[in-house]
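Asker: Model the full structure from these sequences, guided by the hints.
2 protein chains.
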Amino acid sequence: MTTQRKPRGPYRKGVRRREQILDTALEVFAGRGDAPLQEIADRVGLSQAGVLHYFGSREELLLAVLRRRDTLDLAACEGSDGPGEAVARTVRHNMDQPGLVRLFVALSAAATDPSHPAHGFFADRYRDLTATIVRGFESGRRSGAVRDDEDAEHMARLLLAVSDGLQLQWLLDPSLDMAALVETFDRLCAPPNDG
Amino acid sequence: MTTQRKPRGPYRKGVRRREQILDTALEVFAGRGDAPLQEIADRVGLSQAGVLHYFGSREELLLAVLRRRDTLDLAACEGSDGPGEAVARTVRHNMDQPGLVRLFVALSAAATDPSHPAHGFFADRYRDLTATIVRGFESGRRSGAVRDDEDAEHMARLLLAVSDGLQLQWLLDPSLDMAALVETFDRLCAPPNDG
Numbered sequence: 001m002t003t004q005r006k007p008r009g010p011y012r013k014g015v016r017r018r019e020q021i022l023d024t025a026l027e028v029f030a031g032r033g034d035a036p037l038q039e040i041a042d043r044v045g046l047s048q049a050g051v052l053h054y055f056g057s058r059e060e061l062l063l064a065v066l067r068r069r070d071t072l073d074l075a076a077c078e079g080s081d082g083p084g085e086a087v088a089r090t091v092r093h094n095m096d097q098p099g100l101v102r103l104f105v106a107l108s109a110a111a112t113d114p115s116h117p118a119h120g121f122f123a124d125r126y127r128d129l130t131a132t133i134v135r136g137f138e139s140g141r142r143s144g145a146v147r148d149d150e151d152a153e154h155m156a157r158l159l160l161a162v163s164d165g166l167q168l169q170w171l172l173d174p175s176l177d178m179a180a181l182v183e184t185f186d187r188l189c190a191p192p193n194d195g
Numbered sequence: 001m002t003t004q005r006k007p008r009g010p011y012r013k014g015v016r017r018r019e020q021i022l023d024t025a026l027e028v029f030a031g032r033g034d035a036p037l038q039e040i041a042d043r044v045g046l047s048q049a050g051v052l053h054y055f056g057s058r059e060e061l062l063l064a065v066l067r068r069r070d071t072l073d074l075a076a077c078e079g080s081d082g083p084g085e086a087v088a089r090t091v092r093h094n095m096d097q098p099g100l101v102r103l104f105v106a107l108s109a110a111a112t113d114p115s116h117p118a119h120g121f122f123a124d125r126y127r128d129l130t131a132t133i134v135r136g137f138e139s140g141r142r143s144g145a146v147r148d149d150e151d152a153e154h155m156a157r158l159l160l161a162v163s164d165g166l167q168l169q170w171l172l173d174p175s176l177d178m179a180a181l182v183e184t185f186d187r188l189c190a191p192p193n194d195g
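Note that the protein sequences, when read in sequence, are chains A and B.
Letter by letter, the first sequence follows residues 1 to 195 in the UniProt record's numbering.
Letter by letter, the second sequence follows residues 1 to 195 in the UniProt record's numbering.
What the hints contain is simulated information worked out from the structure, not anything from laboratory work.
Just so you know, even glycine gets a beta-carbon here, dropped at the ideal spot from N, CA and C.
Among these hints, one or two may not hold up.
Distance ranges between label pairs, derived from CB positions [stated by the list, open to error]: (1) ALA76/B / GLN20/A: 50 to 56 angstroms; (2) ARG43/A / ALA75/B: 48 to 54 angstroms; (3) ASP149/B / ARG58/A: 44 to 50 angstroms; (4) GLU59/A / ASP42/B: 29 to 35 angstroms; (5) ARG187/A / GLY120/B: 31 to 37 angstroms; (6) ARG43/A / ARG12/B: 55 to 61 angstroms; (7) LYS13/A / ALA35/B: 47 to 53 angstroms; (8) GLY120/A / ALA35/B: 24 to 30 angstroms.
Counterexamples of contact, computed for chain B against chain A with all Cβ distances above 10 angstroms [what the hints assert, rightly or not]: (9) ASP23; (10) THR24; (11) ARG43; (12) SER47; (13) SER57; (14) ASP73; (15) ASP128; (16) THR132; (17) VAL134; (18) ARG141.
Answerer: Here it is in structure tokens:
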């Protein structure tokens, strides 16, 4: 039997402080994808150097913000009726956070360069999300909600592509209803003889 | 009756020179999305300032490269069997030009900022391409190749999103077969009772 120790004392305080900065950064970035570090520093009562102490660099902070956002999004998808609905729910939430969408679009594009510090994060992210969505589609197949005439991994990759591609179109034309479009995609993945 | 005059003399020479620079830039960028201007200048026997003289700025040159690529891609899609096949064909061609894909991903992400010089180009691009694809899907409906239970504009927006989103995933994992994935999407848009 292993016992997992909870962090104590100064270390635990450091972890809590880091979480607090992350929550603040997430709030600040929700409104503006290019928010200056000073704004986050001001809100947590630290200098810019003080904030970076907890993350190492501005890029690491941005990455931590996107990681946390993924964690919160995944948690918010609990209980949703399949991957399509889960992504539609996330996308609907994103429509209230243009700054985070802008941050994601900018950082994911930059990270396609193999020498970018976030390259590994994004490569892992798509591999892991694909695997999660494939499991969701396979489960949907067993219950008859998902068509079985197309490869589940293909549909998973397409769902992720739809979600990313729509963000670009939405930033260029905010009248676009991204969530409704994801719901349309989800219906395309339903069994062909439905309805 | 109107007669369209062809450009003559020094002006025509300028147009030809600009075309030649564009062709060269397209070749250079096909290999490397971040090719230095000097490389293009060397290949056309001009200084960097000489190249920029024809475009105004580096950003205008990049934009002209993407415009020309769109024109060539559209021309290459002539005679294809519907929008899905046309996009699959373009995407297959893109897989041989990683540098242009990288350039597109970087510039389209940057252009989501309304103050970016390419913002208008990209906003127009998605509006115009959506209209073209809608016409293609509507024609496919009439011939029975496209399902009629989903909105054609939704499917058009999704097809563009798929194409953009897959580029991101492909740059992170070049083993991905983008064209096969677009073909899968195209089959999702076929009539539900097919086969």
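Asker: State for each hint whether it applies.
Answerer: Verification of the supplied hints:
1. ALA76/B / GLN20/A: 50 to 56 angstroms: holds, 54 angstroms
2. ARG43/A / ALA75/B: 48 to 54 angstroms: holds, 53 angstroms
3. ASP149/B / ARG58/A: 44 to 50 angstroms: holds, 48 angstroms
4. GLU59/A / ASP42/B: 29 to 35 angstroms: Holds, since GLU59/A and ASP42/B (Cβ atoms, about 33 angstroms apart) stay within the stated range.
5. ARG187/A / GLY120/B: 31 to 37 angstroms: holds, 33 angstroms
6. ARG43/A / ARG12/B: 55 to 61 angstroms: Holds - the Cβ-Cβ distance for ARG43/A and ARG12/B, about 60 angstroms, lies within 55 to 61 angstroms.
7. LYS13/A / ALA35/B: 47 to 53 angstroms: holds, 49 angstroms
8. GLY120/A / ALA35/B: 24 to 30 angstroms: Between GLY120/A and ALA35/B, where Cβ atoms are some 25 angstroms apart, the hint holds.
9. ASP23: holds, 25 angstroms
10. THR24: holds, 24 angstroms
11. ARG43: holds, 24 angstroms
12. SER47: holds, 28 angstroms
13. SER57: The claim stands: SER57/B keeps its Cβ more than 10 angstroms from every Cβ of chain A (closest is about 21 angstroms).
14. ASP73: About 17 angstroms separates ASP73/B from the closest Cβ of chain A, which puts it past 10 angstroms; holds.
15. ASP128: Holds, since 12 angstroms exceeds 10 angstroms.
16. THR132: Per Cβ check, THR132/B is outside 10 angstroms of chain A; nearest 15 angstroms; holds.
17. VAL134: Given a closest Cβ separation of 14 angstroms, the condition holds.
18. ARG141: holds, 15 angstroms
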